[in-house]
Each structure stands twice: as structure tokens, then as C-alpha cells.
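Trainee: Below, each chain spelled out in residue letters.
Protein chains: 2
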Amino acid sequence: MASEHINIPYDELTELCESGDLNAVARLLEELHPTDIATALDGLKIDDSEILEIFRLLPNEVSAETLLEMEGELRELLVDSVSHVELGELVEGMETDDVADLVGEMDADDARKVLAGMDFEESEAIRELLKYPDDTAGGKMQAELIAVSADATVSNTLIDIREKGKEVDHFTSVFAVDVEGRLVGTVPLDRLILADADTVIKDITDIEATRVTVDVDQEEVAKMFRRYDLLSMPVVDLDDRVVGRITIDDVVDVIEDEIFEDFFRVASLNVEERSMDSALRSFKLRAPWLLINVLTAFASASVVKIFQGTIETMVILAVFMPVVAGLGGNAATQAITVMVRGLALGEMNHLEHTRRLLAKEALVGLSNGLLVGVLAAFISYLFGASLMIGFLLFLAMTANLVIAGVCGSFIPLLLKWLGVDPALSSSVFVTACTDIGGFFTFLGLATVFLKAGLL
Amino acid sequence: MASEHINIPYDELTELCESGDLNAVARLLEELHPTDIATALDGLKIDDSEILEIFRLLPNEVSAETLLEMEGELRELLVDSVSHVELGELVEGMETDDVADLVGEMDADDARKVLAGMDFEESEAIRELLKYPDDTAGGKMQAELIAVSADATVSNTLIDIREKGKEVDHFTSVFAVDVEGRLVGTVPLDRLILADADTVIKDITDIEATRVTVDVDQEEVAKMFRRYDLLSMPVVDLDDRVVGRITIDDVVDVIEDEIFEDFFRVASLNVEERSMDSALRSFKLRAPWLLINVLTAFASASVVKIFQGTIETMVILAVFMPVVAGLGGNAATQAITVMVRGLALGEMNHLEHTRRLLAKEALVGLSNGLLVGVLAAFISYLFGASLMIGFLLFLAMTANLVIAGVCGSFIPLLLKWLGVDPALSSSVFVTACTDIGGFFTFLGLATVFLKAGLL
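As they're listed, the protein sequences go chains A and B.
Quick note on my numbering: the first sequence kicks off at 23 and runs consecutively.
Quick note on my numbering: the second sequence kicks off at 23 and runs consecutively.
Just so you know, not all the hints are guaranteed correct.
A pair counts as met if it fits within one copy or between any two copies, since identical chains are not told apart.
Here are the computed lysine to aspartate or glutamate pairs in the DMTMM-like style, where the Cα-Cα straight-line distance is at most 20 Å [to be verified]:
no.: 1; residue 1: K438; residue 2: E91
no.: 2; residue 1: K67; residue 2: E98
no.: 3; residue 1: K186; residue 2: E374
no.: 4; residue 1: K135; residue 2: E52
no.: 5; residue 1: K188; residue 2: D218
no.: 6; residue 1: K188; residue 2: D220
no.: 7; residue 1: K153; residue 2: D102
Because the hints were derived from the structure by calculation, they are not lab data.
Predicted model only: the values in this text are computed from it and were never measured.
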């Protein structure tokens, strides 16, 4: 992806850093979007102490936003380095969900001190949010919202909103509630502006508007946003009282994360790994999978070992083993990737779809197997193999591509149905299937042909 | 992903279809969200003619929305089957960008007829949109928007909006323009509601609000939305006049598609493939990659062929070849996946980040290589190999995991820098690197050791 529109003046910043003029660095950064400031502070080659100093030189509202845009180690560094008083000032202007995220990352003692320094009402709201697990609707929502009476008129409601709206940053809709505070529905601001002054709110309320309860999983929330093209959604407690709202910008991150997580699982990666992690952390996160891979690889090796005698008789078979295994692995990667996309987009929520898809993958595997099998047989002949070995290679590759299609699509599906960790559908296990299947077919058939005197 | 919240009453629908009561099917579907209706029509086991009949029985606004939510063959079927008059009625209530998408899919003759049946002003707006390539800001934007004078007061502007707003579905902000129609900035509706009646619009306008010109790539647009947490963005022509707006719900699809495309390229898939494509289409889209894979696989095979004599002397080497190749392939998949995520999120837009990452991947490869190498050497000993062969395996695996880390991370980066199609970073090429590298190290060292009398 190109990055022409992200204008971070790295050269100028680097020069100023080298000259030691951190005040000038801060003034230059101030002009940028907080997201870009966070990226710049991470990208500059300066000491942690200098980062901290520059961060302190930024105006309060800018440093607060910048802190929220930071990730991982840099964010930890800053949170750990500034005092509780400074932190208290930083979180002053933040939205409750952002403060809850920040506080949630601190140890209990620090968190208590920061909350104690805040306005009582706000710290209560944050304590409330902290009760919900991070990956639920409750954990994603913010407490700031505008609830209006469903029975009021538009003109009274506008007065009401002017009152309440000062404390809520950015809202695109308000929520209509009944006398008991139960959610009636959502009122988008455009409808409110277009309505006549004496219209009753109930009449312009979208009563069927999607809502979620606090305990719904964030993945499910993201799916609803995507499916119904929502901008924001009310979150209700078990008594149907509005307790928060989730906005699309929080959900975009969830949508992205969910997709990346799916592919991380396929690639046998821990979903927590980030490109900027230290080598030690990446090593630790990847090592368990590779150690398991050693075991699955030796399972493939043991299939080869069974046929060691056959290879001894015809060493050329060893030359073609990587062709059988390689094609199987890549065809399986194709099938699994298409399946993961389909599952992520909810395209397989009916048995009929699933049945169709499995039949298709077997058929695609068969036809591609026949195709690459013929080509491979031809090339093997140029490599000096006999026609009969070419035929063997053709048979083994056809079989292995059917195995690849079926394993690549069926394993993730089966695991989903069984509710088992989808990580088990990772490439480590699927390539084990195609290696074992491929070697067994190729070397097994070779053994039979040899015994029958055909080779 | 779970789907408890998607309530399609398949059992009831299937029963009604079987009893032939299509009117009842339509009445039942009508109650659902258009997205769910589209999914249901695709999932039900009924003939195309029955789908068409049910579709016609739906109220006009419902069938229009449903058509927009459909994908691929089903959408084509319906567009091809209904008459131009019916299509004209369907598109009446749609937003211009949706109509432009629909019309853009038809052949020129049909498109002309549908546009001819529309209101002149609207068909002109659509013709205008059709000029822009599908994957640019111009292609993604809709023409419906509300432009207000930057010099007007809030109270006059509210009257103005009530006038213009009737024709625009869903808006969360309006655009302030100067006397020449040039964009001044964005005015979110909440600011408009909270402002005093006699405030001048200019004073509540977000002048620094992000804008794009019609020709900017959709990927770049998506990146800006994500980076700056936008809900909608004005699109301007080269004279800075507002010609359209892009809303976040259109961008969420782009964001998703871009991520899926990245991983499709890694998996050697055509980005056009969908899980519900026919077997013939999938076969055709995947075959070219697998045919290329036959060639890369024989490149690996030819490395093995060079050392055929060595394998002849020690057949046990053939047994361990899959271990060297398998670990290399999976370690490369890990590296490439982390890199693709980092590139997609724009985490590598500074040379310093890149340098750090490559050094890291080499180091992670080395340390994991040492680890799995030791385990593999140990297991090979249990397989009856000599200590010296175990040592060889250890060396080859360490080298191959370094190759995997460097190839997996460097190849996609290099291709990005060179501006070459990132498809070349696909698993087909990266596994070729690790296969060739692995076999060359393992069998090459074995040959040297044999000649030196060490084996």
C-alpha cells in the first residue's frame, strides 16, 4: 500500500533531534494528526528519555490523543514514566472507553491512584466499564451517550440535547428511552434535523434498530455492524436499559483484527504477535508451533522411511518427492484461504452452502490434479524418468490435490462445528496431511508397481 | 465466527417453498433485513425461476435493497431476468453510487435503456459517476450530499438543510463551501445542533477535515478513514469543488477486501475468487498458479537430482528431506504473514522500521533454527540415523530457517519497493526458496561430509 498521504517530515525531525532542539521537535509534531505523531515517535531513532521529554512538551489534548494511538512497548513506556497527576490530567478529556482501556492495562495500584484523581461521576462510569471483559460489547462501548424521552417533541428534545451534548464528543444519533429508561430505539441526527418541531420523538425513532446486550462477543458486534451498515449501536443491560454505545471506528479495528487473527491461525502464528515485536518475543511466540511442526514433519518422514527399500531400488523417486509434496502444500493453502475468507464473511451459514463448497473443492482438486499431474509426468520424462514413473507421479499428484482440496476446506469447517480452536487448521497440520497423503500414494504405488514388475 | 444473531428461519422457509406457497415465502422474507433476504434466497434449495418469482413478490423498496446486497451469479440472474421498466423502478430509490455499480455491470445497451427511464438529473449524476474507475475515490463516492454556504448562519443553514435533506438518505455531516463552490470544510451534524442559532457556519466548520480528489486510489481512501477515524469524507474535483462523499460503510468493505487480497496473493490465489464460485471458475483461476508451481517444484527437484549419487549412498537422507523442507515452508509462512500484516497497517513506512524488522527476522530464524535443529537431530537419532547425520540435519535446518525468515520478510518488501506485483511474493515462490535452500544445504553438506569420510 502506498503512503503518499501520510506526511511525516522524518528528515526535518531527525535533524532537529540530532541538534538536540526537542522544543522544536514538539512544535513540529504538534501540527500533525495524533496518529502520525505516534508513528513518528516510534520511528525516530532517539532514546526513550528523549521520547518522554518530547511527549511532555506536547499540549495536553495532543499528548492524550497521541497516547491512545500508540501501541505496545511505547505506550507502556509512557504510561509507566509519567506521574499519576500527569496521567490524571491526560485522561481528563478522553472518552470513557479509552480511559478504561488505559486503566485496564495498568497494575491495580496505579489504576486506583489514577481513578482517585478523577471526577467522581466519571471514575464511577469507568469502574463500571472495567467490569466487562475487553472483547465483549460492554468492553468496547463508551459510556457517553445521549438518551432522550421517546414521548418528547423534537423541539424539546433539541433543547435537551444542547444541554447534554456538551459532554459528549461526536455523536451521530441519540437514543429514545421510555419512562423506565428502557431503550425504545435510535434517532439519527439527520432525522431530527429534518423533522418538524412538534413531531413526537417516538414517530421518528428507528424502533427496529439493532441493539446488543453487554455480554455479546465483539466479533458478533463487528459482524452486525458490517452486515447492517451501522454507524453506531446502543448497548443495553439485561433489563434493556441503555448503558453505552459502540461506534463504527472502534469496530473497524475489531473487523481488521478478526481477519488478521484468522490468517495468523492459518500461518501457525500466535495472534498476539506484532511486526514490531522484539526478536526475543517473536522467537518465543513462534517456537511452540515450529516444535510441533518438527513432530508432524517426522510423521511425514516415517512414511518415507516405510518405503526406504523402494527408494533404495529407485533413487529417482526421491528426486520427485518434493514435487508431490510442494504442489499438495500450495493447493491446500489455496483451499484453506478461500475457506477462511468465506467463514469470516459468514458465507457458510447454511448447510447447503457447505455441502456445495466441499463438493466443489474435491472437484477443483481433481481437475487441477489431472492438469498438473500431466505436466509433471511430462517434465519427469525430461528428467530421465521412465514413462511408468511419470504415470506414478501423475496418479500421486492427482490424489494429493484432491486430499489438499478436501483437507484445506474440511478441516477448518469441522473444527468450527466442533467448537475446537481453529488454530488446529493451521498450515502445520494441513501440510502434514498433504505430505503424508502424497508420499503414501507416490511411494506406496511405486512399491506395488515394483513388486508387480511394472517398474 | 458464530452466527446466533442472524435469524433466517430456514426451516420454515424451506417448508413453505416445498408447499409451493411463494406468496407466504415473500411475506416471511419481507420481515427480514435485506442482507438476510439476499443470504436466504441464495441458501434456499429452489429453482432460479422460483427465486425470480419470490423477488418480484417483495415490495419495491425491499427488493431494491436486497438486489444491492446480493453478489455474483444470483445478482446477475436477477438483473438479466427483470425488464428494463422493472429495473428502472427498482433503482428509483437507490443511492447514486449503488445505481452506478449496478449499471456498470450491465452491457452498454441495457445500461442505456435503464438510464433513459430515469429522471434526467439523476441519470446525469450517474453518468458522471460512471466516468471514474471503480477503485478510485470517484468510483466509490455517491453524488448525494448537502453543501451549505460557509457564510450563512446556523439557523438559515438548518432551513436550507430541511430543504435539501429530503433527497439525501442518511447524512452525518454537511459540507461548507465558499461562493465559488469550493470546499471550505466539514460540519458534523452534532456541532450544528449544539451551536447557537446566529453562529456563522465557518466558525463551526472543521477546516482541516480530510478530503480527497476523485482520482485517489480506494486503498489510500480506506487508509485515511482508518488512520483518522472518519465517518465520511468529501470528494473534490481538481478545482476543489465538492462532487461527492464517501461514507464509512462503503470503506469497511474496501478495508476488508484489501486485507483479503493481500492474503490471497500470499496463497497464490486470484483476488477475484469467491468461496461460492463454481468449480469450473475456481479451477480456471487456480490452475495457472499451480502450473507455475510445477516448474518451481521441479527446480527444487533438480537440486535433489544433483545429489542423486549421495542419496544412493545413504538412502536415509531421503527420509529426512521432508523435515528440512516442511519446517522451512512453515517458518516462511509465519514470517510472510507477519510482514503482510505490518505492510497493510502501514507500520513499515520508515526505513528504520524496515531495517529493524529484517534484522529481527534473521535473528528469529537463527534462534528457532537452532531450537528445531536440536530437536530434529535428536529424533533422527531415534530413527536410526548416525550422530553425524543428526548434525547435518541440525545445520541444514538452522540455515533453512534463516533463509525462511529473510525470504519471507524481504521478498514482499523488495517487491513493494520495486513496485512489482506483490503476487510474486506468494507461497509458491517463497517455498521454492526454502525447498531449494534446504535441499542444497542438507544434501550439499552430506556430499562434502561423505567425501571427507565423515559419514
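Trainee: Any hints this thing doesn't respect? Which numbers, in order?
Mentor: 1, 3, 4 and 7
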